[in-house]
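Hints given; two lone chains; assemble the complex.
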Amino acid sequence: MKETNMTNAKISARAVQVYYGDNHAIKDVNVDIEDKTVTAFIGPSGCGKSTFLRTINRMNDTIDICRVEGDILIDGEDIYDAKVDPVQLRAKVGMVFQKPNPFPKSIYDNVAYGPKIHGLARNKAELDQIVESSLRKAALWNEAKDRLNAPGTGLSGGQQQRLCIARAIATSPEVLLMDEPCSALDPIATAQVEELIDELRQSFSVVIVTHSMQQAARVSQKTAFFHLGNLVEFGETDKIFTNPEDPRTESYISGRIG
Amino acid sequence: MTDTPKTSLLTVDARTRKRNAAEKRFKAYGIVAIAIGLLFLVVLLTSILRSGLPAFTTTVVALEATITQEDVDAAEGQLLKTAAYEALLVAKVNEFLVERGSTIEVDEDFITDRLVPKTGATIREFYKENPDQIGQTVTFDLPASTRISRYFEGDLLREDVTDSRFLEVADLDVVDVMIDAGLITTAFDWNFITGTDTAVDNPGGAGIGASVIGSFFMMIVVLLLALPIGVAASIYLEEFAPKNRLTDLIEVNISNLAAVPSIVFGILGLAVFIQFAHLPQSAPLVGGLVLTLMTLPTIIISTRASLKSVPPSIRDAALGVGASKMQAVFHHVLPLAMPGILTGTIIGLAQALGETAPLLLIGMVGYVAREYPDGIISGFVDSNSAMPAQIYTWAARADTGFYEKAWGGIIVLLVFLLTMNLIAILLRRRFERRW
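Going down the list, the protein sequences come from chains A and B.
Yeah, the first sequence ends on 258 if you go by the UniProt record's numbering, and it's all consecutive.
Yeah, the second sequence ends on 435 if you go by the UniProt record's numbering, and it's all consecutive.
Chain B extracted, bound-state conformation (with noise of 0.2 angstroms):
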């Protein structure tokens, strides 16, 4: 017999309470980081919220007007149409100001340059489209200028208001009395989701559009070429290269790929598809091009990774009912390794939708995207620029109107990620139901 006390199993012993401890130290530790992850999380997606949301909002000002056949026949009949139909605005919001007490009349120049600018040619283009509505009275709502819609959030104060060419100080007075009227208003700017870039002194008009269809384009050319070529290497390699020093070799390579820089692959797509095979710049191809060779490593990883995952028992199973290799792949294994491929394949996606390096050296970047392309060839081939070049121009331009639109941009980004992701799941889901 021992002599070693008998212990009870009430009392916690020093070794065990130690144990205990450690445990639950890592345990908050853990907690701690998930905390500083979430906080991480919630900083950032407030932040781009905060700066990119009035991007997304446009300051109006409604204007009434009344415009009979007379007036437009005059118009018409004046060498400088629109001007003409700005003037008949100018008589209507000195009607207004008379009606509200103020004693401020305005001219031409206030309405046509610094409230709402180039206001004519809507007008014009309005009775034109719109016959009927000639006599009748009409509200149009006019984007406001730069200055005035940044007076209206209160982003510009009336003490840093020196007389220019965009706003005079006296203007202010007839915009505070519209702003009492409830004429001037925060609208949602559909032109920012549907519109396309502008040049650098107009960022009020600038839109994501073009952009938006630019990376959509780009995005085809990469689920078209990377998601075979990728699953069809991957398959190669995973079920049927025999294990000898070449494959060996491909496999490092393929792993030292995945880690390469992206710009790296943009100067190699424009040394190959541009100065080589003399692709178009700034097209879309191209930019899918580049982004299919750096997303091809990510979708081979992922893909033999989920391949190796399928336990060997499937395969056996249909070899032993007499199936080939190749019908034991395809019918057995693929399908299962599809939840895995397609997760791949949405990360390398959204990797290739965010990128912005390799796209600045094939002339992507700084591109100025004024014009949806035609059709769909024209899609792939003409000049466009893509959304995270879109953010990386304006956030490089110096009016701060394109800061807010950058953010702006970069929430549009988010949604698309989103997007991708969620369909990624559900089609995840539906491969996983099967069985």
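Only chain A is shown next, with the shape it has when bound in the complex (with noise of 0.2 angstroms):
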């Protein structure tokens, strides 16, 4: 596998490894996410995709018997460093997950709750503005003006996902991670969903875990395959589709295994 090392590494990983007990999940993973782009990580279901998104903003620490090596740098900063609080970290790299989790509580107060806890907003005018803007970004302002005392699990589905991607960027975080986050919505909410992430690509380095290839092409700039716990490929994301270089990734884009 090649060793990538670009300047505008917003996310470096570096001989990461991911062991779940005994089951050595993630293997050496060395990978440079720019920032301002779309990343998408694609391979076959118990790749390992899910778990390397997940060591970004350290939600694996949630899980008692995972363990992690090796580095994974933010901006050159260690995120596994002794001194770093997962707390302030998942301020920094927000997160929407594969399943729709709206707290149930009223929209505004969905999105209002992370730049509360982090006292982002001075006082009430500023955390309106906050929620606006976030439900603006995530193309729900105009579903969602009206009723924003509303339950947010009152949303449809695909609402629901937009909210949740409202409140993952309420934060201002500086990465957004997606794990599968269309894999629950039907062609019409997905569209919605994959047109916001292209337009959260000028504030945010996005990467988004995806089962769907014409998904990752279509939303992605570039791509990384992974199978059986080893990136195999990490590349712009029309080469990976168009011209693979490892076999492995052009068994699986055409469809051999997975």
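Do not rely on the hints blindly, as some may be mistaken.
Not the full set, but computed from the structure, chain A residues with beta-carbon under 8 angstroms of chain B [unchecked claim]: (1) Met59; (2) Gly94; (3) Tyr113.
Computed cross-link-like contacts, DSBU-like style, restricted to lysine-lysine with a CA-CA straight-line distance of at most 30 angstroms [claimed, not checked]: (4) A/Lys105 <-> B/Lys308; (5) B/Lys128 <-> A/Lys99; (6) A/Lys137 <-> B/Lys325; (7) B/Lys325 <-> A/Lys105; (8) A/Lys99 <-> B/Lys308; (9) B/Lys308 <-> A/Lys92; (10) B/Lys243 <-> A/Lys83; (11) B/Lys325 <-> A/Lys116.
Covered by chain A, according to a simulated footprint, are these stretches of chain B (three or more residues, beta-carbon under 8 angstroms) [unchecked claim]: (12) 311 to 319; (13) 331 to 342.
Simulated from the structure, these hints should not be mistaken for lab results.
Keep in mind it's a predicted model, so treat the numbers as computed, not measured.
Quick reminder that beta carbons are idealized off the backbone N, C-alpha and C, glycines included.
As structure tokens, this is what we get:
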């Protein structure tokens, strides 16, 4: 596998190993993820792409048996350093999950929760401002502005997922991780979310895990192919899909394995 | 092509028939089980109500008296002041008997010992408090003696009466005249609700009020200790504690503690709180502490179950936006688990409210609660009884009058339990509505 060494790297992973108990789930992954790009992680189920995604904001810390080795640097700082508080890290690296998981609270409270606990707003007016701009960025403002006090769980699936995106970007993160954000959505909602991802690229570095190769091809500039815990190939999306270097990548995207 | 015959959907084959029959049978078993349960409930409730409701009523004798200032002055001038007032009643009753055409004449002993015991004090009290009523005609509703009230209610038959210092056969003639005139009636016995326990020879005057207060203070102790300790322990074990052998051991022990007989907690309470810590005996504080020990496992188990049932995606969502673990728990998980926690707490409290065995060992059973506590502090530390202990004490007494009181006490206890459940349901609704 090729050692990538770009100057514009937002996230750099160096020799990352992840173990679940005795199970070696991620094997020696090295990758550089650029700022203001969409990077897609593709690969068959169980290949470790979600696991790797969760190491980037240390969500794996919540799993007792999970152990991470190697370095992951964000802007050159090792996020697994003992001095790093995962709470601060997660404010910087937002996450959107596979299943829409709004809090059972109002739409407003869902978006306002992050800014509130991080003290990003000094007063109500500022908080309103953050909520509005986050909902606008998540393309939910027009649908939600008249029902900000309605429960977030009362929205449709696609709206809920966009609410989760709004919630994730309300803390002004620098990186947005998305773990199969469209797998529970219908094609129309998927199209809306994909459009949104493309817009979010202006402000964030977006990393998306997806099972749909068409989606990876549509939204991402860079693609990483994982197989059995190895990062098999990483490069420009166009190149991965048209002219892959590794025979395993080729078999996967042409549908022979996976 | 196979040679199986073509089957029609319009005919039900044997296999399907069998399955349908099995389903019908199962439904029937279920209905029978529910019917049996309901039957027992109805039997239980009717027997409790039938035996217990008389405890809430009392037989009163309405005696009219017109006592003038001279009468009062004369009575106050005597050595036995209360007896003097009673003597005034005797004259009045005899006047009434002559009016009704009866030839019997009653004496002071009949009034004071056998019809309405110890009334002189009541009457004297009344005129002291209402001096403006002197000279007016006043009707006193006086509690009848146990035997006369039993005769009035039909529990005691004339044939069974033998002359004694409590009742003479001749008295019944007077009583009959009074019943005919409507002077003896049944009234609601407020004294049973508000009163205190009495000595073993006076079941009529016994009330459950003081023990209700005792139970109330115990429940406050249990709620204040068991709820915070139980919830804090569950949150720590469920959300923060590492999963290792020690926590496994703790977990197994908590589950086992929930099954320990309550009398064991009573012995523990006796040894630790009374003999070692020298806390006062029979005090609701000690009772509350013992019941707290007993209630904790119930609250911990139900709290952990309801914390577990909160979907992990909520925790992920909170952690994902950068909430700390504690914020995730207190802002999101705990509110969602609240209805379950409340249910567990109320079940635990209800169990504690009805528990008698541990109270036996710390001295609350058998304590004759004759006084209300003076204040909040004394409510916790002064000796008192509790509702189940009071019921147990009454049921163990020889006089059948107390037996009736015990049933009545059970009704009061059940009303308490229903109220607590109602509060729990209302609280749960409130919490659920927010989501």
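Q: Enumerate the violated hints, using their earlier numbering and listing them in ascending order.
A: 5
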